[in-house]
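We have chain A already, so just place chain E on it with the hints.
From first to last, the protein sequence lines are chains A and E. The first sequence maps to residues 1 to 161 in our numbering. The second sequence maps to residues 1 to 92 in our numbering.
You may find that some hints are simply not true.
[As the list claims (entries may be wrong)] Not close to chain A: a few residues of chain E, all C-beta gaps over 10 Å, as computed: (1) D14; (2) Q39; (3) M40.
[What the hints assert, rightly or not] Derived pair list, reagent style DSSO-like, types lysine-lysine, alpha-carbon separation capped at 30 Å: (4) E/K22 to A/K122; (5) E/K44 to A/K19; (6) A/K39 to E/K22; (7) A/K19 to E/K22; (8) E/K44 to A/K38; (9) A/K39 to E/K44.
Bear in mind the hints are in silico, worked out from the structure with no lab data behind them. Keep in mind the model is a prediction, meaning the values are calculated, not measured. Just so it is clear, CB atoms sit at the ideal spot from N, CA and C, and this is done for glycine as well.
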Amino acid sequence: MERQIINKKKRVFSVEPNKSHSAAFTRKYISHLVPALKKLNMNKNSSQITQQTVKHEVDMALALSAQEFAWSRFLLQKLSSSKNPTTTTNSSSKGTQVLERPDKEGGDEEGEIEEKLRELQKLLPGGEEMNVEEMLSEIGDYIKCLELQTIALKSIVQDTT
Amino acid sequence: MSSRRARASNLGEDEINELVSKLQALLPHSSSRCTRREQMPPWKILEETCGYIKRLHREVDNLSERISQLLASTDATGDVDVADFVRSLLRQ
Chain A
1 MERQIINKKK RVFSVEPNKS HSAAFTRKYI SHLVPALKKL NMNKNSSQIT
51 QQTVKHEVDM ALALSAQEFA WSRFLLQKLS SSKNPTTTTN SSSKGTQVLE
101 RPDKEGGDEE GEIEEKLREL QKLLPGGEEM NVEEMLSEIG DYIKCLELQT
151 IALKSIVQDT T
Chain E
1 MSSRRARASN LGEDEINELV SKLQALLPHS SSRCTRREQM PPWKILEETC
51 GYIKRLHREV DNLSERISQL LASTDATGDV DVADFVRSLL RQ
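In isolation and in its complexed conformation, chain A is listed as follows (with noise of 0.2 Å):
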């Protein structure tokens, strides 16, 4: 039936070392951005769509969908203050503890690579709170769930064409 058609197509993923987060992280995702839309959809006639209402929904599942992580709760924070958010990237830096400005005092590359860690803190939800190590070690797990996020929002897409 559609088994063989599953068969035949091969998995998106490359290759994840923990699968069943990766399946468990999906399934709480579609869990709440598809309650969420559907309401949007029922109240469309009250209150008009927008991207950004959809994208306000999209980064609450997110987030919802990965509290064992720091940058969640950030972005949960983000969300629940700020009824009409702009988008993640929003570079308000009002950073506390942002890396200190190095001196360019020769070894430029050092400097390079200190302004490259800044930029990673303003793009991470609350890197700007993190130390460099913290930082570091949540940037992989929230680019892991935005590629799942990216994954499941195509889907619902090409389902609804």
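Chain E only, in chain A's frame:
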């Protein structure tokens, strides 16, 4: 600041480089240039990571846009079926 190169973190350079090199494994393999995975310099890994995250963010934004258009265009009866989504995910 008396120190010339003020470090906000308590990590040494080596430790940072080690953590950063682990990020390389997460990046999508652009192995068109090098057949075997060469060791990228730390700043390069960070740069690629930043770029990749921004790309992912943009993609999510685009997909959100499409979803909002889909929702806006379908009828109120256009129901979103959870089972269908899960099935389509399993198909991937």
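Hint check:
Annotated as non-interface, E/D14 keeps its C-beta farther than 10 Å from every C-beta of chain A; the closest such distance is 12 Å. Under the 10 Å C-beta cut-off, the non-interface status given to E/Q39 relative to chain A holds; the minimum distance is some 14 Å. Every C-beta of chain A lies more than 10 Å from that of E/M40, the closest at about 12 Å, which supports listing it as non-interface. Taken as a hint, the E/K22 and A/K122 pair is honoured in the structure, with Cα atoms around 20 Å apart against an allowance of 30 Å.
Our distance criterion of 30 Å between C-alpha atoms is met by E/K44 and A/K19, whose separation comes to about 28 Å. Among the hinted pairs, A/K39 with E/K22 is inconsistent with the structure: their alpha-carbon atoms are about 41 Å apart, more than 30 Å. Taking the CA atoms of A/K19 and E/K22, the gap is about 19 Å. The hint holds against a cut of 30 Å. As the CA atoms of E/K44 and A/K38 are separated by approximately 42 Å, the hinted pair breaks the 30 Å bound.
Using a Cα cut-off of 30 Å, the hinted pair A/K39 and E/K44 is violated, with the two alpha carbons roughly 43 Å apart.
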